[in-house]
Amino acid sequence: MRFVDEYRDPAAARALVSRITELAGDDHFKLMEVCGGHTHTIYRHGIEHILPDAVELVHGPGCPVCVIPMGRIDDAITVAERPGVIFTCFGDMMRVPGSKGNLLAAKARGADVRFVYSPLDALRVAVENPAREVVFFAVGFETTAPSTAVTVLRARAEAVSNFTVFSNHVTIVPPMKAILDSPDLRLDGFLGPGHVSTVVGQRPYRFVPEIYRKPVVTAGFEPLDILQAIEMLLLQIREGRCCVENQYTRCVREEGNPRALEILAEVFELRPHFEWRGLGFISESALKLRGELAHFDAELRYSVPGVRVADPKACQCGEVLKGAIKPWECKVFGTACTPETPIGTCMVSSEGACAAYYNFGRLHRDVAVSMGATN
Amino acid sequence: MCLGIPGEIVEIVDPVRQLAKVDVAGVCRNVNYGLLEHEGIGPGDWVLVHVGFAMSKIDEAEAERAMEGLRLMGQAFRDEMRAVVDSNIS
Ligand code: SF4
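Residue numbers (the numbering used here), protein chains in the order written: chain A, 1 to 375; chain E, 376 to 465.
Which stretches of chain E does chain A cover? Using the computed rule of at least three CB atoms under 8 Å from a CB of chain A, they are: (1) 405-413; (2) 421-427; (3) 431-440; (4) 447-454.
Simulated DEER-style distance windows between Cβ atoms: (5) E/G415 - A/A265: 19 to 27 Å; (6) E/E439 - A/A324: 34 to 42 Å; (7) A/P83 - E/D461: 19 to 27 Å; (8) A/G306 - E/A436: 44 to 52 Å; (9) E/V385 - A/T335: 43 to 51 Å; (10) A/G25 - E/E439: 33 to 41 Å; (11) A/V127 - E/I387: 17 to 25 Å; (12) A/G291 - E/A436: 39 to 47 Å; (13) E/P390 - A/R114: 27 to 35 Å; (14) A/S99 - E/G417: 43 to 51 Å; (15) E/A436 - A/L153: 30 to 38 Å; (16) E/E439 - A/P312: 42 to 50 Å; (17) E/V388 - A/L153: 13 to 21 Å; (18) A/P312 - E/P390: 49 to 57 Å.
Hints listed in this document are in silico derivations from the structure and should not be mistaken for laboratory results. Quick caveat, the model's predicted, so the values are computed rather than measured. C-beta: ideal position from N, C-alpha, C; glycine also.
The shape of chain A in the complex, shown without the other chains (with noise of 0.2 Å):
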């Protein structure tokens, strides 16, 4: 238990840890943290490597980097590339692989990509060049979206007619149900998303108890969060019960943010269906601008080529984007495809699952395994 040393409160990591042993028992529990932001906890603290071998977390598609498939990111380079554009997006983006490269080898061919904090710092390279062009890389799920339909809604009030939002926006729950309805991924529960559930509330998680029969505890991002929100996904299964849970009330209210919904609601409508990397189709999964903001709508406005890409051979992010595989089974994990050089998108945000075992995970795991206390 060395890295329990490094919790706030290690007596209380420790007392956690022995109730979630108690709990499993001889049994074995698979539970999925769908965020990204949990899977860098738990390699960071090595939370993995504390859990009982009865308990084993499998990692979910919550990273919106690593879901954009390569398509997307050729598109976006064609519209980076025309003359006039300026296209901006967030940092993380710019390094995501395309089938030709990424927006930085873009950039230094001589496109103008220019990364940017928020939606409203675009807006803001609008209003400052009136002469060109200016595109956002809107990426995300329901924690980003509410910015950019906020931005919009000023590029409107403004008239700004040089602005426009490429949409990637995507939507929590429809992966979580392509997940649930995929053969081969035995779950025996949630751990729920804590930012996006900030927006959405817990309503939109009851059809995974009430359909699908597994309990969701929404967490938040410490060490400990993600240990009680384990403890308590374990004491519905022992109980009997199913129910959507939040271990987050810090942050998170049943009903979510009424507000952002709304104005969600106000700018976007749901697409018929959205490529996921590695998760293939999947239908109203992803957002678009609604038809009377056509004219801030980057796709409408330029010749979107929108081909569908097949992703690299080599690349298994898919397959990790599931939860089937453990980012150090795939092939070219840590050779080929490396937080430098990426060659799936897990590998590129810090909360990519490959990215996080790269930098924290490999560590942990062999420190752990020479001390024997891992599987």
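Given chain A's structure and the hints, the job is docking chain E with the ligand onto it.
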């Protein structure tokens, strides 16, 4: 982009555009508070900031805990803070 960084509202700078000056981990930047309008936001309140937007109201103790967690993230947090420093929302 997924990191929520705690910040303390310093002052409301533009009620029409719903912008407040927020001290985000020691860096003062404008942040949009429109998504928390219904909660009533004012100087001294703590919020979690995502991509230039205040997304949830938190208490000071939670802000401290969240900061501690972020510092432990190392590079990812430093990258995010670099983006915050360059931010210039108006
Ligand atoms: S190691 Fe690279 S290619 Fe393999 S799953 Fe991870 S990100 Fe994808």
